[in-house]
Structures are given as C-alpha cells and as structure tokens.
Amino acid sequence: MSNSLFGKRSYDLIAFALLAVLILVVLPLTVDVFRLNLVGKYLTYSFVALGLVLCWGYTGILSLGQGVFFGLGGYCMAMFLKLEASSVANTKIQSTPGIPDFMDWNQITALPFFWQPFHSLIFTILAIILVPSILAFVLGFAMFKRRVGGVYFAIITQALSAVMTILIIGQQGYTGGVNGITDLRTLLGWDIRTDSAKVILYFVCCAVLLGSILLGRFVLTSKLGRILVAIRDKEDRVRFSGYDVANFKVFIFCLASTLAAVGGAMFTLQVGFMSPSFVGIVPSIEMVIFCAVGGRQSLVGAVAGALLINWGKTVFSESFPELWLFAMGGLFIAVVLAFPRGLAGLVTDQLLPRLRNGGSGRAPRISPAPAE
Amino acid sequence: MSSSTDFLLALEGVTVSFDGFKAVNDLNLYIDKGELRVIIGPNGAGKTTVLDLICGRTMLSSGSIKFKDQEITGLKEHDIVKRGIGRKFQTPSIYEDLTVFENLEISFPRGRDVVGALFWNRTPEIIARVREIAETIFLADHLDRLAETLSHGQKQWLEIGMLLIQDPELLMLDEPVAGMSVSERIKTAELLNTLIRNRSVVVIEHDMKFVESIAHRVTVLHQGKVLAEGDMETIQANPKVKEVYLGH
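So the protein sequences, as listed, match chains A and B.
For the first sequence, position 168 (counting from the first letter as 1) is numbered 167 according to numbering that gives the first Met the number 0, and the numbering increases by one without interruption.
For the second sequence, position 104 (counting from the first letter as 1) is numbered 103 according to numbering that gives the first Met the number 0, and the numbering increases by one without interruption.
These are calculated hints, taken from the structure and not from any lab test.
With the C-beta cut set under 8 Å, the calculated list includes, among others, these residues of chain A facing chain B:
(1) VAL218
(2) TYR242
(3) ASP243
The calculated EDC-like cross-link candidates involving lysine to aspartate or glutamate, where the alpha carbons are at most 16 Å apart (straight line), are:
(4) B:LYS75 <-> A:ASP243
(5) B:LYS65 <-> B:ASP78
(6) A:LYS233 <-> B:GLU95
Every residue gets a Cβ at the ideal spot worked out from N, C-alpha and C, and that includes glycine.
With these hints in hand, go ahead and build the complete structure from the sequences.
Here you go:
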C-alpha cells in the first residue's frame, strides 16, 4: 500500500512540472502577447483557487467571500499605481492637481489619509499581504473560536462580499466607485502597458504562482496538512488529540486569503485596473467553481481549473455570450455530481490507472492534462 | 464547597441541567491515583454525560471538577487533554482519511500548535514510538493503510493506540467492548490491560462479565446521582442496585 502513497506524491510533482512547462515554455512560445496577457489574468484567479484548495478542499471551510480578499490585494496595488499616475504634471487640468482623477470628479480636494502611505511601494507590498490577512484573522477568529462553521460560515463570507461591494461603490470619492480604479500607467516609472512589460509581468506572475504552489505543498505535506484533513474528517476528535482546532482554521483561512490577495495584486498589474466587479458574490462563487472543476484537493488541479474555465469562457462567450453562464453552471453541477474530485481526480483516479492497465498504446493522452 | 484534595480527580456538587432536566444532579465522585473505576447504571443515568463534563465537552451548571487539585471547569477540550486526560469514544473515532501511521503521529503529544505542526519533524524517536505502539495494537503491518479501510475491531484498536501514544494520566473509556465479537473482545481486554497500567482509568461499561474481570471499584449511577459505590461484591449484593439495574 505504501506504493500508492508514493505514487500520489510523484503524480503531484509530475503535474507541477507539466504546469510549469506549459505556462513558462509552451504558452509563451505559441500565443501572441494579447492572449498571453489573458492567460496571465486567468492565472491570477488561480491564486484564489489555490487558497480554496487549502481551506475548502483540505480543511472543509467553504468561503464564498474570496473575491473580497482578491479585491483587497488588487485595490492596494491599484492605489499605489494610481498615485503614481496622478502626479501633478499628469493631472494639472484638474481643479486639485496631484490627486486621482475620480477624487477630483467627486469634489474631494485633498488626498484622504488612508491613501497617503500608498506612495510607498514597500508599504503597498506589505499592505497587499497584511490587510487581507488581518481581515481574515478577525473574521476567522470571531467565527472559529465560537465554532461557527459549515454553511453558516459560507453565508457570512458571502454577506461580507456583498457588503464590501456596496462599500466600494458607495464610497465613490475614495474608491473610484463602480468604475474602479482605472488608467494605471507606470510602476516606479516603468510603463506597464507596453507589450514587453506585459510579457515580463506574465513571467513574474507565473513565478509567484509556482512559488505559491510549492508553499501550499509545503503546508499540506507537513503535519499541519494532516491535521487539516483530520479537522475536515472529525473536528471534534481533533480537540481530544489536544489541538486547538480554531487556531488551525484561522491560520489556513488567513493563508488562503493572502494568496487570493496576491492574485488580486498580480491582476491589477497585468490588466491595468481594479473594480468592484471582482469583489462581489458572483466572482467569489466563480472562483469556488474554478477550484471545484479543477479538483479541490489538488493544487495544480485548481490552477488548471481556473485556466480551463476562463479559457472556455473567453472562447465560448465570443460566440455565444448569453449562454456562457448556463454552460458554467451546468459544468459545475456535472462536476459535483459526477466527479467530486474534479479534473485532477479524474486524471489520478480514472485516467492513470487505466493507462497503466491498458498498456502503453494510450500513453500520450497523459500530457495535455493541465490545460489543452 | 470546593476543597483541596489528594485525589487525582474530584467532582464535587456537579450538576448539569438541560432545559430543566437534571442529567447529573449534585454528583460527588473521587478518583484516586492509579485507580480503575467502573461506572455502571441504567440507560439515561448520566454516565456519558459525566465523561463529557470531565473532558470539557459539556458545560456544568454548578459544582467543581478538579484534576490534580486544579480546577478544570471552563477549560477548552484541548487544554484538558494537555493536562493529561484522554478519552476514548463509544464508536471508533479515528481519522479515516489518514493512514494508520499518521493517525498515531497526530496523537503524539508534541507540536500541538500551528507553528509546531507546520515545522514538525518526523524524528527517529517519533517513528520508533509509532512503530512500538503499532506493534502493541496488532497494526504493525498496516502502518501505510488508510484508516477507513480497517475493520471495525482494528479501528477500535487504532483508537486505543492513539490514546496510548497520547499517554494520559487519566483515561476515560466509554463502553470499550460494545459491539465487538467474542474474539475481538478478548484481544481488546488484553489491550486495555496494557492501556490501564500506571494510570487512573474511568470506564463506562454494560457488560457485567467484563466489569467483573477488571473492576477495582464500581460506582452505580441512577438518575444523575450516585446510588452506590464500593467493590464489586458489595455492589452486587446491594438491594437498591439490584432493583434499578442488575435485576433486569
């Protein structure tokens, strides 16, 4: 039986290597810069899916509010870029030069205090990591210590994403409202809108993503990862093994949220804006679907799920825009009913065993596994 | 009411009521170091509730529970475990998605905070200890098996192993031989004899043969109160006990 455990670990590494080759070599060589930038955008969603593997797939905590954390990361990045784009020279036609354009349109005459520190890139990077983890900590601590879990947690996180959207849209003068923060130009003087910048940012995003997968793998293969599985399995029993379950849940929820925020920051850098449409209930649920379709117990699977669905969304909605949502809903239901372990489960449970038993004739079908 | 004692565990004036129904009513119970105490009583007498109270699963309405002369009422379950109280549940309660090895490793009493678990190092000492325990519980050849694939009896043994590796000073067992075949029962009784060495044990059991074979002292609970307490013979001769429990 130890064979199967070893086998599973080596599948993980093979899948990781395939994904790395796909996003670092195959895609950059075969698609144009526009499409590559799109792939980069999809990859930012996969950070959220990674976090969901940790907290949903392994620990059983379903969060329907990951868009909030994605958005927080994205907004932190956007605030920095916006301040840089709003230099006095760039904004001299405004009634108050030197502040972001949407503030000027909303009759705000001075930069609000909480915008001030975003002049500093170091502060911004810290904020991208700390702001979401602090929010996740407060929320997680309040709920998990009181042993609120399961569907109640899902509902509260969903409410959070609704609240956050309303807050952002309502505070238009401070947040850019429904349009979000747009017209971002440079990062420390480096124009992020050019093709070469987009390619570089794509590779940065890939590197951070692969690093995040390795981080997730480290967590899941440590004893902490096994405790998470134990919590999902028999939360009560874990307490009687001497563990404070709430602390572990808070930790993994914070980690998942931080990953989502890093994804959000990479999104802003590559796409060039951030808006409340990535914060609300719908995107939060979409991200759960990416994770479920890819395989909620597989880090690489979740990335593949995010890539595949978004690629499908782009292709499909170019031809049948109004049908896409139905197609995605149908796909989600199909996956939950037929393949609860998602694509990754399909590969490891169905395809690979059959390939082994069925001889080498069908072997080439392994390779396109992560994303065709 | 509460006084300082030499007992390992002392319950004094413990009452718990669920919506006015007193499941446990002004209960006093003292367990000595190294003692093996069996609690018997008819259904609904409050036996399992007493264990739940001691291990922090149920909050008591009034009274005091002292372990090693320290108040443990109000502590969280994991804190009580850390002080040295272990509990075996009625149904086998193990982590089915983990292997036998991992089940035992998780129960090893170290690295119980987030950081300790994240940077956990499977030292030779831990591996040796896990193997030793696995040997004792007849699962040495099944270390890499997923726990869900074990038989019912093996699951019970695994849980006993998880308690062994946890090494509690006070051990509470809730019907440890319920639902077992005769041969499993014999092996389990053997295991329990290993388990109860060098520690205090509280056992809830219905099987009177089993009780006779292990009991030092017996407490009979009835309607949340102690009906009688003493050695097995005294209890069996007690007319009140006969009436409410042994008679039928």
